[in-house]
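**Student:** Top to bottom, those sequences are chains A and B. Numbers 334 to 530, taken from the working numbering, label the letters of the first sequence in order. Numbers 334 to 530, taken from the working numbering, label the letters of the second sequence in order.
Fair warning: there could be bad hints in the mix.
The list treats identical chains as one, so a pair stands whether inside a single copy or across any two.
To be verified - Under the rule of at most 27 Å between Cα atoms (straight-line distance), these lysine-lysine pairs were calculated in the DSS-like manner:
no., residue 1, residue 2
1, Lys349, Lys477
2, Lys381, Lys407
3, Lys430, Lys458
4, Lys422, Lys407
5, Lys422, Lys477
6, Lys458, Lys422
7, Lys422, Lys506
Hints in this document: simulated from the structure, not taken from any laboratory. Please read all numbers here as calculations on a predicted model, not as lab measurements.
There are 2 protein chains.
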Amino acid sequence: MDRRAFLVVGNTATTKPFSLNDLPGAGRMDILCRCISQALFISHGIRKNVDVYLLLLGGCDAPKSIRIAGSEVKRMSPDERNIAGHIRKALGIECGKEWRKVHSGVYVSRKNLEELLDELSQSYKVYYLREDGADIREVVGSMKTPLFILGDHMGLNADSERIVEKYAEEIVKVSPISLMAEQCIAIVHYELDRLDS
Amino acid sequence: MDRRAFLVVGNTATTKPFSLNDLPGAGRMDILCRCISQALFISHGIRKNVDVYLLLLGGCDAPKSIRIAGSEVKRMSPDERNIAGHIRKALGIECGKEWRKVHSGVYVSRKNLEELLDELSQSYKVYYLREDGADIREVVGSMKTPLFILGDHMGLNADSERIVEKYAEEIVKVSPISLMAEQCIAIVHYELDRLDS
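Please work from the sequences and hints to get the whole structure.
**Tutor:** Here is the structure:
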């Protein structure tokens, strides 16, 4: 099956260890956890062909980026608190510009958006999910090895958007109404799954 | 906009107050919380035309049922822990066969599956989400005021299924691959939203 990836930008997401009892208070870490859950998990299993990247832009230690590889990840379950525990562990580790392994399938670095896209555009075709894009149902048939970029509840700011537009093959919308980030991910998978079946 | 409802069966979901720090340990309450989140929330808003029903079948105090009305609910956010707090509060309240209001938009009762469906089939057409059903994309156009019934990670047991089949208009599948309950809900909304737009 074709590889797929998602890059979710957390505009205010904390880059330091945080309380598992208040994920919204950690710069809306709850959104990022749900995005990972929807991107990686299916019923009783994990999508091994999927990688998820998070870009955390909150606080004075930003940016940090996290990579979760579906083919390697272990002991992760789809609930927000479990996923948040993995992210918290990653944020407690010293890292630089290169990916540093936290444990099976989880990596952390200080890559910024441009550095992430420089790397990922070598392996993926980049699609930017935005509400004024082309209808996914019209374009999904031509997608090969796609990476989908999307923002959290704040979308992408103008600076981030300028960078993304340099790399994006196409701007795509997933629904006639404005959805939460994790719902967009579920729908992207659904449309691609229908093609594969 | 047409009303929509979901009924999610939690086969092992606890019927007593539980720890917010271990939702999977409360009979997979995490799944039910994600189902509510996906059913009710969109970006920066709540679907006021949606009601969600949970049937909790875990423990010696079962069954209990919970109703969350999108048009009335207040102070709910889409993260699992917040939603779990609302459910926990409902489970701490004495109730009988009639719906008892917990607070805005949240109700609890001791209705069982048959009693729920007796009530809901007065207002909704009942669809049962199961992996061997008709492709949703083929049948979504004819759905009016639908109620979708689905199980948690264990599906529905044989007894529950016999009851549901008495009320179900049609058995519908939402994806070629086996998905988590909350993903099925996101996709059902997506297909209906495309029709409405």
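**Student:** Could you run down the list of hints and mark each one as holding or not?
**Tutor:** We went through each hint and held it up to the structure:
Taking the closest pair of Cα atoms, Lys349 and Lys477 never come within 27 Å of each other, the shortest separation being 35 Å inside a single copy and 48 Å across copies. When the C-alpha separation of Lys381 and Lys407 is checked against a cutoff of 27 Å, the pair qualifies only within one copy, where the shortest distance is 11 Å, while the shortest distance between copies is 38 Å. With identical chains, the CA atoms of Lys430 and Lys458 are at most 27 Å apart within one copy only, with a shortest distance of 23 Å there and 55 Å across copies. For the homomeric pair Lys422 and Lys407, the shortest alpha-carbon distance inside one copy (14 Å) is at most 27 Å, but the shortest distance between copies (34 Å) is not.
Taking the shortest alpha-carbon separations for Lys422 and Lys477, neither the intra-copy value of 33 Å nor the inter-copy value of 47 Å comes in at or below 27 Å. Taking identical chains as interchangeable, the C-alpha atoms of Lys458 and Lys422 are never at most 27 Å apart, the minima being 30 Å within one chain and 47 Å between chains. Taking the closest pair of Cα atoms, Lys422 and Lys506 never come within 27 Å of each other, the shortest separation being 33 Å inside a single copy and 38 Å across copies.
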